[in-house]
Amino acid sequence: MNNIKDIENIFLKIGKIDRRWIFIIIAVVVIIPLLVPIGLPIRATDTSKSVYDALENLPKGSNVLLSVEYSPSTKPENHPMTISVLRHLFRNDHKVYVTCLWPDGQFMAQDALSQVAEGEFNKVYGQDYVLLGYRPGGEAVVKGIVSNIRKLFSVDAKQTKVDEIPMMDGIKNFKDFDFLFSASAGYPGTIEWVQYASDPTGIPMSSGVTSIQVNEVMPYVQSGQMVGVLAGMPGAAEYESLIGQKGSATSGMDAQSVAHLVIVLFIVLGNISYFIDRKRSRKY
Amino acid sequence: MEFSSILGAWVASFLTIGIFSYLYKDNPFYKIAEHLFVGVSAGYLLSLGFWTQLQPNLFGRLFPAKHYDPDTLTYSIYNILSFFSTSIFPEGGIDKGHDQHLIYVIPLILGIMMLMSLIPSFSWMARWGIAYVVGMAAGLKAYGYLNSNVIGQIKGTAVNIFDFSLPIFSLSSPSVFNNLLIFIGTICGLLYFYFSKEHKGMLGKASKIGIYFLMISFGASFGFAVMGRISLLIGRFTDLILFSGSDYHYATYWVLVLIVGILGYAAFKEQKNEGFPEPNILSSSNEEE
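For the record, the sequence lines run as chains A and B. Just so you know, the working numbering puts 142 at position 142 of the first sequence, and the rest follows in order with no gaps. Just so you know, the working numbering puts 365 at position 81 of the second sequence, and the rest follows in order with no gaps.
You may find that some hints are simply not true.
EDC-like mimics (lysine to aspartate or glutamate), calculated; alpha carbons at most 16 Å apart, straight line [as the list claims (entries may be wrong)]:
id, chain 1, residue 1, chain 2, residue 2
1, A, Lys151, B, Asp379
2, A, Lys151, B, Asp383
3, B, Lys492, B, Glu482
4, A, Lys151, A, Glu164
5, A, Lys161, B, Asp383
6, B, Lys350, B, Asp379
7, B, Lys350, A, Asp163
8, B, Lys380, A, Asp163
9, A, Lys161, B, Asp379
10, B, Lys425, A, Asp199
11, B, Lys380, A, Glu164
12, B, Lys309, A, Asp18
13, A, Lys158, B, Asp379
14, B, Lys439, A, Asp199
15, A, Lys123, A, Asp93
16, A, Lys279, A, Glu8
No lab work stands behind these hints: they were computed from the structure.
Extracted from the complex, chain B is given alone in its bound form (with noise of 0.2 Å):
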């Protein structure tokens, strides 16, 4: 097995176990794996965005290698940045197969004024482009969700419940009375939410069945996310499997133990100091809250 593999496995090991130990309290092991994660994911995904979308597509339409021409601005431009850095804007123009667009220099501009948040005295110039971005989403979110979820939805619950060429009763195909269930639960979830008049009479009534269709949907989000923290657990459970094994120098018995160890040890300390508390872990749970 190669070494990278071997390291990796260790790595891992060390991060998983690191993590899992906040389950018994907060200590430096789980800071460790929490910062290295959130540290590499924020380098990644600037590394990643930078190479993928701002220098093909960006430096790409502003300075093309197709229309590279020495002696306009432009490339005068390009040039003196070439200077500082040959992988970002190397010799000859930027080949990505793009034609020139100089309407790019817009974005650009947007781009840093939002970094000038950063430089107290020109943070006001960061609104332009958060406002641009802002309107964008927002009527991009709008027309989304006016024909998806409004008119696609509506269109999904409009059901007829005198079909009677459906099956009377099945469990998840169409059928009499689920296109019942879907017109009642329609109905009184909607109401539940209508303010304008007291829930009294059959408004509360229907309110009161909308309440039990809203329950049951909760309860499910709840079984489901259950379901998606065990398969998450199981995930990682498989991989410290496999780090257990001879392959890869017994990594998770390793890490495990040390860990354990120095929590322990750490434990045991914290104990001796403050005159030796009441060590059954079986005492309320609230005190560890």
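In isolation and in its complexed conformation, chain A is listed as follows (with noise of 0.2 Å):
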């Protein structure tokens, strides 16, 4: 009886535990697995694979419109996405138009653009790829991309007119595109694109978002308005490993894998101590 009773008090004493000691553990499993890869697979899910398949069958040379949403907040999630994104496009010869709805977009794209399309691919900016750059107004952004793209953007983020830039030739509103993938971290962002954009239009779109959107977004892939999506960090090494190339993303799986289950691990104890401590407070 006495040995039940200690091991409750155990318990009693780590669900009592300063929460600093618990930030120190989650430090050291995120920071171990960083330095001391597992290489744990990552097995590609259906949403992510209908993201894949999506890019894959479009038609060699298509008209691909890009629209960076996020800033470097949320950059581990998002940047690795967008850059498989980009290598897949550019594999595949399509053309690449990048839009953005977020003011740090901008200089996301440009990272991940001069990253991809210059240093690995090799690509001509403004026969290839190019970047129309950022617009304030949310939604108003999107609605004027799908009347008149080119009363919005009269030049692009390095200030060229687009009448001037040989790609935009035959691009006049967002029936133009073949396929719009947004990489996303809120408002406005994908859900903006489904309501004012795909939906509208019908031209098929897919995403890329933070885990946290993923529950606010999933509803839109059930219903097939959005064809599939990146769920966070998993989805972004899930497309890694899809395309064969890998990145950051998938060298975080690991740290992610370890952290999860340490946080499992936490939530049992905490709930363990919290039915003692019921147990014994009715008890007395």
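Using the hints, put the two standalone chains together into the complex.
Written out as structure tokens, the structure reads:
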């Protein structure tokens, strides 16, 4: 009997541990797999496969609109998606048009394009890809792109007139694109693209979102309003494995998995402590 | 390695560890990082908004280079403005590929009226601009929600539960079991929000099933939220590990030692002044809240 009480006391003590110990444990379990990778397997989910298949099945030379709506704060989740999607698009010789609904999205897009378009594929600006840049206004910008993109983007991010950019020939509105991929971290982002662009025009779209957004976006995927979704860092890692080029998301997945296990353990311990505490307070 | 990259690494290390130091307790390093973040974000947003929208799309339509004629009233005003800033109003008009649309004077006036909220006696003018923005946003939202969230989602949940051509069970693709789950979850979830009748009998049972569906949804949201936060932590740690290398002159280690050292010394002085309270951080977490 005393033994049970001793064990209960240990659980109660664990339940009242200072939160700073938990922060330290989480920091340690995240850092160790980053320094010593375990190499846990990554299996692509159906939603990630759908995104891959949709882009893979586009005819060569398709016009793809890539909208970058995230900032450095969600770079670990969104940036690997943007880089992998750009690799996939350039590998299949599609034309990529980049817009940004977030101000910070412009330099995130610049960073991804200089790494992939210039550094890996030697693509030509204005012929293979163009960075139209950021415009403030949220859903009003999406509506503007749907009705008349040239009215909104008379110049690109480099202040070059769009009339002077060869790949902008014949691009008047959203219907001139074959596919939309939105790399999104919140508002304005994926949901606005579904509501004001993809649904009214029927142009297929897909998205890469932060983990927090997944539950919000998933109903659009289930109902067929969106073609798949890349869900957070695991989604990015799955896409990296699908295109066969590993990147920062893959290397972060070991730490992610171990941290999740530890958090689950904390939740279990916290609950045991809570129920013991409740049982004792009822008793007395 | 370029000096700017090394400096950037040191600044990034300082700001990251400064923000993390809040996990110990509120302190000046955290405050510096927080205030810098807010200030830089606001400045960057303002500057980018001005140079990507106001200057090319508003002023560019009011004073386009295409129609430049110094004898007209519009361009006389423009030349006066140009006297103050040639970078915003370059000589000979703004060449951003637009035709002249004087109707854009209306948004310009509404924008100026919104700024009037800074002057208390004219603050009533701001309501006009705000009213326009609110009205436009409400109109846009109403259409978007009705089309995608109401009609689109009703279509998505209107599944055929008797479609036996589908497999009986599948984890993620359409199946009889999944269709049944969508049907029951949607109906019971909606019934939980039906408040015109007391939740008793069949309605009570159905709404209770609805609660379970909602709880599973909230659980999934919590799980995704945890995953998101861990991803961001991984991102920061990846950068800190990178900046701890010799290429960056061990920026992470030096900054960590500096911040921990100063906070430790401050804590030591504080304890000395308060007569050495309980040093064991295994004590109750509530005292730090």
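**Q.** Straight-line alpha-carbon gap B/Lys425 to A/Asp199, limit 16 Å
**A.** holds, 14 Å
Q.
Against the 16 Å threshold, does the CA-CA distance of A/Lys161 and B/Asp379 hold or violate the hint?
A. holds, 9 Å
**Q.** B/Lys380 paired with A/Glu164 [C-alpha distance capped at 16 Å]
**A.** With Cα atoms ~11 Å apart, B/Lys380 and A/Glu164 stay inside 16 Å; holds.
Q. CA of A/Lys161 to CA of B/Asp383, is that 16 Å or under?
A. holds, 13 Å
**Q.** 16 Å limit on alpha-carbon distance, applied to hinted pair A/Lys158 and B/Asp379
**A.** holds, 14 Å
Q: Please work out if A/Lys151 and B/Asp379 have their alpha carbons no farther apart than 16 Å.
A: holds, 14 Å
Q: Sort out whether A/Asp18 lies within 16 Å of B/Lys309, counting only the CA atoms.
A: holds, 13 Å
(Q) Next pair to validate is B/Lys492 with B/Glu482; report whether the Cα-Cα distance is within 16 Å. (A) Measuring from Cα to Cα gives roughly 13 Å; hence the hint holds.
Q.
B/Lys350 and B/Asp379 were given as a pair; does the straight-line alpha-carbon distance stay at or below 16 Å?
A. Given that 16 Å is the threshold and the Cα spacing comes to 7 Å, the pair holds.
Q: Given the hint that A/Lys151 pairs with B/Asp383, test it: the Cα-Cα distance must not exceed 16 Å.
A: Status holds; Cα separation ~10 Å.
Q: Sort out whether A/Asp163 lies within 16 Å of B/Lys380, counting only the CA atoms.
A: holds, 10 Å
**Q.** Given pair status - A/Asp199, B/Lys439, alpha carbons within 16 Å
**A.** holds, 13 Å
The structure agrees with every numbered hint stated previously.
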